[in-house]
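Protein chains in written order, with this note's numbering: chain A, 1 to 385; chain B, 1 to 185.
Honestly, I wouldn't trust all of these hints.
Some chain B residues close to chain A (C-beta under 7 Å, calculated; not the full set) [said to hold, decoys possible]:
| id | residue |
| --- | --- |
| 1 | R9 |
| 2 | T37 |
| 3 | C62 |
Everything labelled a hint here was simulated from the structure, so no lab data went into it.
Beta carbons: idealized from backbone N, C-alpha and C, even for Gly.
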Amino acid sequence: MSPGNDAVLLTGNHAVAWGARLARPKVVPVYPITPQTPILELLTEFQAQGELEAEIITPESEHSVMAACIAASLGGVRVFTATASQGLMLMHELLHYASGARAPIVMANVNRTIASPWGFWPDQTDSVAQRDTGWIQFYVESAQEGLDTVLQAFRIAERVRLPVMINLDAFYVSHSLEPVRVPPQALADEYLPPYAPEHYLDPARGESWGNVVTQEMYWRHRRDIGGAMDAVPEVAAEADREWQRLSGRGWDLVERYRCEGADLVVLTMGSMCGTAREAVDELRDAGHAAGLLKVRLFRPLPAAELRRALAGVRDVLVLDRNFSPGAGGVLHQELRAALYGTAAAPRVHGALAGVGGVNVPPAKIAELAGRARSSEPLPEAVWAR
Amino acid sequence: MLQIVIHGRGGQGAQLAGNLLAMAFFAEGRQVQTFATYGGARRGTPVSSSIRVDDRPIRLRCDIEQADAMLVFDASLLDGRLVSMARPDALIVVNSRRTPAQLAQQAPGCRVLPVDGSAIAQRHGLGRIVNSALLGAFACAVGEPDLWTLSGTIADAAPKDRQQNVDACLAGYRLIEAQLRKAAA
């Protein structure tokens with residue numbers, strides 16, 4: 001297969017691997033885990049065929065993978081990796097280290113249930129549990145969006161010097177074989193120039209990272225990370241606009257689907273957005289003013305944009321394919337916080353829908369929307385299936 | 001939208017069959033989406049592959065709860081649970097030596113078409129590789145994709161025994177064709 005303008009059939013995993021190949025990373029440390037393994041398999045194949053000039057490192061665990069990613073990234077080269085579920089859990093300590101080291105690593109995470117009990121199903125608890133690690137987080141709906149987002153992620157990461165995690169749901173995206181357009185290498189190169197950081201570790205130059213700091217230095221460093229995060233919505237919007245100009249495809253940070261005049265808006269992220277589009281169309285056909293808000297950028301949460309998009313809406317139904325015991329649905333809680341204190345805030349209804357990978361068809365979303373319209377919202381999310 | 005589910009046992013090639021079917025529909029200019037679920041699946045345990053075919057881009061990202069058509073690699077999988085995942089009048093093609101009447105009790109209301117894919121595979125020197133024969137039979141029963149598109153897709157994808165796989169696909173197709181002709185007469 002060669003890149004070009006015609007669509008070819010690729011799975012979400014293979015589309016992500018193509019995105020990584022087009023970004024020309026120099027180091028790719030990886031460890032296999034279902035349902036992510038096809039990403040690293042294809043990258044390894046590309047490298048073996050001489051189509052990817054990268055050093056592929058296969059350490060003994062995901063913890064060591066992330067350690068290798070950080071070291072390579074601080075060495076001044078572009079770094080890509082991929083993981084899922086338990087692998088992401090094992091990386092947790094070093095996720096904090098990576099953002100603290102301002103290492104612009106890009107990682108794909110295939111959202112899969114966390115043990116125990118053991119499972120392989122789409123559930124976003126693995127990545128939402130990393131929301132405080134200082135990583136920018138995207139959630140994608142399709143294989144094409146996965147490919148495009150890998151390229152956008154490098155552009156954003158290297159601009160703000162923070163790592164980016166791209167999340168795709170197990171099976172519904174990772175293993176879905178569907179039409180994808182693979183952009184030509186020249187287009188990717190035009191969009192993403194070679195990575196040339198001002199600072200990098202090189203014994204010949206004598207810079208270092210990781211020494212002990214004072215309280216004051218630590219405080220300043222954390223504040224600077226906050227500043228970098230604050231810049232993300234603007235930088236990411238520019239990255240999306242530029243990609244749209246070059247490839248014809250833009251994805252927005254928060255996509256509004258049929259939200260014109262909507263009195264009820266479904267808000268979710270990841271693969272469920274696709275199903276929700278069908279539900280919204282059915283509701284509109286039945287005479288209900290319904291819309292969808294797709295949260296593509298989750299960290300930083302584009303709070304200002306969410307507030308703008310939901311102004312004047314009566315009811316919001318948040319669908320969380322994750323569960324934080326003791327708190328409920330993470331997106332539900334974050335949206336409530338973002339809207340708190342705003343004038344004429346919408347009524348926010350939370351549903352734990354699809355937790356553990358249970359099926360959520362359009363009829364279920366329409367049913368939940370109907371219930372939200374006719375009932376008072378609760379502070380907690382309700383279990384739905 | 002045409003929604004298809006292929007049921008098999010781990011190692012039988014149900015997932016590959018789903019991909020081949022989607023590739024053939026895609027070659028005809030249709031929009032497709034196919035995904036399989038596995039993880040706990042291993043040789044012998046039930047696995048499935050879902051395929052959606054439409055004329056416009058496919059946005060649904062959920063399981064198929066009411067399949068229009070099913071392809072069953074192993075008749076022992078055909079039970080009430082499986083049938084409940086199909087439309088009441090669904091078309092079900094089953095790899096079986098039994099007659100349509102014998103199988104009808106297992107899937108009341110559905111149109112069940114048996115095809116002895118295992119015998120076809122044996123005859124073509126493919127051993128237990130039944131997916132090319134079953135795909136040919138399925139394409140004939142559903143009326144699409146076109147036989148030549150499908151056999152071309154199989155030929156391109158076959159890692160070995162290309163001609164044998166294409167011939168098994170044709171044999172499966174002809175077997176259902178004869179069955180339908182007999183039923184219509």
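Here's how the hints hold up against the structure:
1. R9: violated, 18 Å
2. T37: holds, 5 Å
3. C62: holds, 5 Å
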